[in-house]
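2 protein chains.
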Amino acid sequence: MSSKLAQTYTSASNWAKLTASKLQITKNPNPKQPLPNDKLVFGQSFTDHMVQIKWNDKEGWASPQIVPYGPLSLDPSAAVFHYAFELFEGMKAYRDSNDQIRLFRPDKNMIRMNQSAERIVLPAFDGEELIKVISELIKLDKHLIPKEKGYSLYIRPTLIGTTPGLGVNTPTEALLYVITCPVGPYYSTGFKAVRLEATDHVTRAWPGGVGDKKLGVNYAPSVKPQLEAAERGYQQNLWLFGEEKTITEVGTMNVFFVFKDSTTGKKELVTAPLDGTILPGVTRDSILALTRDRLDSNEWEVNERYTTIYEVAEKSKKGELVEAFGSGTAAVVSPIKEIAFNGESINVPLLEGEQFGELTGTVAQWISKIQYGDEEYKNWSRVVADLK
Amino acid sequence: MSSKLAQTYTSASNWAKLTASKLQITKNPNPKQPLPNDKLVFGQSFTDHMVQIKWNDKEGWASPQIVPYGPLSLDPSAAVFHYAFELFEGMKAYRDSNDQIRLFRPDKNMIRMNQSAERIVLPAFDGEELIKVISELIKLDKHLIPKEKGYSLYIRPTLIGTTPGLGVNTPTEALLYVITCPVGPYYSTGFKAVRLEATDHVTRAWPGGVGDKKLGVNYAPSVKPQLEAAERGYQQNLWLFGEEKTITEVGTMNVFFVFKDSTTGKKELVTAPLDGTILPGVTRDSILALTRDRLDSNEWEVNERYTTIYEVAEKSKKGELVEAFGSGTAAVVSPIKEIAFNGESINVPLLEGEQFGELTGTVAQWISKIQYGDEEYKNWSRVVADLK
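Going down the list, the sequences are from chains A and B.
With the working numbering as the guide, the letters of the first sequence map in order to residues 230 to 617.
With the working numbering as the guide, the letters of the second sequence map in order to residues 230 to 617.
Treat the hints with care, as some may be off.
Under the rule of at most 20 Å between Cα atoms (straight-line distance), these lysine to aspartate or glutamate pairs were calculated in the EDC-like manner [to be verified]:
#1 B/Lys453 - A/Glu402
#2 A/Lys453 - B/Glu587
#3 A/Lys453 - B/Asp441
#4 B/Lys453 - A/Asp441
#5 A/Lys453 - B/Glu472
#6 B/Lys474 - A/Asp304
#7 A/Lys453 - B/Asp286
#8 A/Lys283 - B/Asp304
#9 B/Lys256 - A/Glu472
#10 B/Lys453 - A/Asp304
#11 A/Lys474 - B/Glu472
#12 A/Lys261 - B/Asp286
#13 B/Lys261 - A/Asp304
#14 B/Lys453 - A/Glu347
Honestly, the hints are just simulated from the structure, not real lab data.
Generate the whole structure from the sequences, applying the supplied hints.
Structure (structure tokens):
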């Protein structure tokens with residue numbers, strides 16, 4: 230996988246590269262006690278340390294630093310505050326039954342992070358080196374990595390432009406940092422299927438835009454429509470695009486539908502194609518690979534194709550809408566039970582007495598087993614620390 | 230104008246309001262010496278003090294503070310670093326011939342700032358109160374406001390979401406701050422007409438997007454296409470939209486064209502309508518108002534309408550393209566001399582031996598006279614400090 234990463238690793242020839250072997254560690258003199266698992270709230274409590282790696286356009290990447298978790302000090306004119314020079318990744322570290330710590334397909338996150346950086350002219354770096362640095366961070370904060378299935382350490386690599394000065398220019402200074410937080414399962418009491426509002430008055434992403442990059446710019450504008458949907462009783466927006474009302478994403482996740490042809494009985498798993506408006510989710514990619522690999526092709530088709538809210542409504546009326554779910558790092562899969570559109574309600578079936586559909590549950594289990602190392606699959610789960 | 234502002238001033242009933250009379254000042258013990266005017270570079274040197282006003286969703290706006298210019302200290306999980314909860318304004322303070330300091334239509338900036346805040350669920354505030362606070366900042370740093378026509382104090386009000394924590398949620402904490410820097414004329418040696426590349430592979434804004442708000446999200450993605458245009462010898466992008474290749478903006482400015490009907494001899498000033506994809510520029514609005522007021526309607530039409538790159542190319546071939554210019558706070562007007570599109574070059578006439586067209590020069594003078602108080606017009610220029 231290193232060769233793939235190398236393709237995205239571009240830099241001025243004279244820059245110092247991001248090099249894990251130069252890592253310097255300043256230990257936190259006041260280590261935290263772990264919170265009980267049932268007190269963990271997503272993104273609210275952080276570990277003792279953080280990674281910081283400075284970059285400038287003269288020298289390139291400075292030595293990686295692990296330092297006590299604490300505030301950043303930045304000039305008020307810094308590019309990140311005015312022009313949204315910022316991007317991030319979301320990853321998780323899982324503790325397996327042998328007390329080994331595993332990352333799930335971290336190379337995919339590093340490739341995407343470099344693609345995001347390239348789009349807003351922030352510096353590229355060798356993702357394998359950052360994974361090594363993150364591994365050291367994980368080892369240092371190992372006492373804060375939760376035990377128990379469903380729990381994990383959420384990892385947030387972030388890259389910001391820090392150049393002081395007010396012109397809209399290529400940042401000449403940047404900071405790559407990584408913070409981590411112990412997290413529980415997204416739904417603390419098993420799955421909870423959500424109600425969606427199909428949204429066409431706000432457009433999440435568009436051709437020639439940046440909806441396929443994990444940039445800060447894709448997030449702030451999504452909160453107001455989400456609040457508006459919540460006021461009407463819907464947890465998330467189902468984002469539509471264009472006059473055809475193509476379905477693109479749900480909230481901050483990719484979205485999948487399962488249809489069943491009432492004549493042939495054949496089922497189809499559908500998600501939007503990566504046309505530049507869709508985030509290339511690692512979970513999305515994993516679901517496509519696993520279902521293509523494991524579902525019986527006599528019974529199933531797995532398609533990356535456009536679907537519209539009209540098709541979903543029509544399929545629903547014919548009894549051909551079988552399941553729908555979102556996918557993302559935080560929740561892995563998030564079952565959908567209802568979609569409101571134009572004053573009508575599209576009901577999505579769930580298993581009798583459950584909060585999820587059959588494939589949704591199956592896929593969640595497949596991925597969980599790989600993430601927690603109960604099953605090996607294509608080197609997707611990478612051991613980065615052994616705490617035995 | 231206060232009543233207009235009041236319309237945009239919404240807040241939870243129990244929030245403390247942003248109140249200038251609560252201002253607290255901590256003076257900088259080491260005041261700067263002013264740089265000579267010819268050493269001023271846009272956005273590079275700041276004044277001695279800055280405004281900071283904290284907000285949280287429990288108490289509302291805290292007392293405004295004027296403190297020495299210095300770094301912000303923020304949690305690495307703060308919303309502004311991950312999800313682009315950030316917006317800003319650009320304003321200028323001008324020193325008139327009586328040593329009075331004047332702001333140009335500051336109420337327009339305050340209205341727009343509140344509109345930007347509303348869109349990304351950051352808190353609203355009373356703009357007139359912020360203008361009072363900015364006036365105090367100006368008075369304190371008066372020794373750094375340049376004298377001489379063409380020079381001014383650039384003012385950057387900024388609002389960021391500062392809540393620590395990683396969920397994509399409504400910020401519960403925010404910081405409004407204002408920094409200022411003495412600046413020279415955008416073109417240090419008079420006008421310099423620019424060459425543009427018409428850009429259709431990247432789309433600046435979209436219906437249902439946020440192109441009409443002054444949010445950070447609109448800026449970072451514009452730098453890469455600008456660098457690509459620069460590599461080919463063009464200073465800025467002329468942003469096109471859709472299959473019709475409608476002209477929307479230029480770089481970070483609004484854009485105007487002057488056409489002349491070769492049959493009737495009648496001239497038309499055209500700029501894109503405010504359809505949600507266009508920033509409602511204060512300079513744009515001022516140019517429309519002044520030209521509608523002052524140009525002879527027997528000779529001129531002033532239209533907010535769509536125009537396309539094809540129309541501009543066709544008008545150019547018929548000798549009906551007379552002028553083109555960008556408009557914005559930094560440069561006021563920025564003359565255009567050439568537009569590249571699809572391998573062809575559209576030449577825009579300039580006055581003989583000059584770097585601008587006739588209307589461009591006229592409009593620049595009209596606005597400059599009002600900004601520097603040489604002429605009063607509709608209370609557009611507001612005296613906020615008297616340094617006599």
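We went through each hint and held it up to the structure:
Using a Cα cut-off of 20 Å, the hinted pair lysine 453 of chain B and glutamate 402 of chain A holds, with the two alpha carbons roughly 16 Å apart. Restraint check: the Cα-Cα separation between lysine 453 of chain A and glutamate 587 of chain B comes to about 45 Å, which exceeds 20 Å; the hinted pair is violated. Note on lysine 453 of chain A and aspartate 441 of chain B: the hinted pairing holds, with a Cα-Cα distance of about 16 Å set against a maximum of 20 Å. At most 20 Å may separate the alpha-carbon atoms for a hinted pair to count; lysine 453 of chain B and aspartate 441 of chain A meet this at roughly 16 Å.
Distance restraint check for lysine 453 of chain A and glutamate 472 of chain B: the Cα-Cα separation of roughly 29 Å exceeds the 20 Å cut-off, and the hinted pair is therefore not satisfied. Proposed proximity of lysine 474 of chain B and aspartate 304 of chain A is contradicted: the alpha carbons are some 39 Å apart, above 20 Å. Of the supplied pair hints, the one linking lysine 453 of chain A and aspartate 286 of chain B holds, its CA atoms being roughly 16 Å apart against a limit of 20 Å. Distance check on the hinted pair: lysine 283 of chain A and aspartate 304 of chain B sit about 17 Å apart at the alpha-carbon level, within 20 Å; holds.
At most 20 Å may separate the alpha-carbon atoms for a hinted pair to count; lysine 256 of chain B and glutamate 472 of chain A exceed this at roughly 57 Å. At roughly 24 Å between alpha-carbon atoms, lysine 453 of chain B and aspartate 304 of chain A are farther apart than 20 Å, so this suggested pair is violated. For the hint pairing lysine 474 of chain A with glutamate 472 of chain B, the CA-to-CA distance comes to about 18 Å; that is within 20 Å, so the pair holds. Pair hint lysine 261 of chain A plus aspartate 286 of chain B does not hold up; C-alpha atoms about 28 Å apart against a cutoff of 20 Å.
Among the hinted pairs, lysine 261 of chain B with aspartate 304 of chain A is consistent with the structure: their alpha-carbon atoms are about 17 Å apart, no more than 20 Å. With a CA separation close to 8 Å, the supplied pair lysine 453 of chain B and glutamate 347 of chain A stays within the 20 Å bound.
Violated hints, listed in ascending order, are 2, 5, 6, 9, 10, 12; each of the other numbered hints is respected by the structure.
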